[in-house]
Amino acid sequence: PGPPPAVEPVPWPQPAPPAGRTTAGRPPAVIWACVLTWACTALVVVGLGTTVLVLLLTPDLLFDELHRQNPDLADQGLSDGDIEAASYITAGLFVPWALAAAGFAIQAFRRIPWGRRALVISAGVAGGVSLLGMFASTIMVLPFVAAVVTVALLSRPEVRAWYGAARQS
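Residues 832 to 1000 in the numbering used here are what the sequence shown lists, from first letter to last.
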């Protein structure tokens, strides 16, 4: 006797994904909002982490460069100690916030409704902080735009419907 006859699997019909959605049903707007959040989180953690690391290992190098770029720092009432303290406080506030936002994005990506809500709130507050920060530095326009785009993406009708369907199932 030979091997048993091969049994062909019966293919299940696979419906086409609705327009504007991935094959997993996740709206592209959710994917983009989460990717944008994770990218911004990486920039914040790496940028502020590097600053703290430089302050801890070679503070003179950092302060020499700061004074070279802006010789009037002392005249503006900013001592090296003030700059160092402000750097640690900034990192202590924004690194945990960025990591929390990344966690919210994970939950939002997993279709957990509170993750979407928390990410919208976090991005909204980040947008407000960035807007205020633009008065001090024009580079703050970048996190402002990222925050506005994240809120807009997560507020789209198809995104709200996708999360609403998750609550009903």
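None of these hints come from the bench; they were simulated from the model. The beta-carbon is built from N, C-alpha and C at its ideal position, and this holds for glycine as well. Please note that the accuracy of each hint is not assured.
Said to hold, decoys possible - Here are the in silico distance ranges between beta carbons for each label pair:
no., residue 1, residue 2, range
1, Leu897, Trp928, 16 to 26 Å
2, Leu924, Arg991, 45 to 55 Å
3, Glu915, Ala997, 21 to 31 Å
4, Ala996, His898, 52 to 62 Å
5, Glu896, Gly959, 25 to 35 Å
6, Val972, Asp906, 37 to 47 Å
7, His898, Val976, 23 to 33 Å
8, His898, Val877, 17 to 27 Å
9, Ile862, Leu888, 36 to 46 Å
How the hints compare with the structure:
| no. | hint | result |
| --- | --- | --- |
| 1 | Leu897 to Trp928: 16 to 26 Å | 25 Å, holds |
| 2 | Leu924 to Arg991: 45 to 55 Å | 31 Å, violated |
| 3 | Glu915 to Ala997: 21 to 31 Å | 46 Å, violated |
| 4 | Ala996 to His898: 52 to 62 Å | 58 Å, holds |
| 5 | Glu896 to Gly959: 25 to 35 Å | 31 Å, holds |
| 6 | Val972 to Asp906: 37 to 47 Å | 28 Å, violated |
| 7 | His898 to Val976: 23 to 33 Å | 32 Å, holds |
| 8 | His898 to Val877: 17 to 27 Å | 25 Å, holds |
| 9 | Ile862 to Leu888: 36 to 46 Å | 38 Å, holds |
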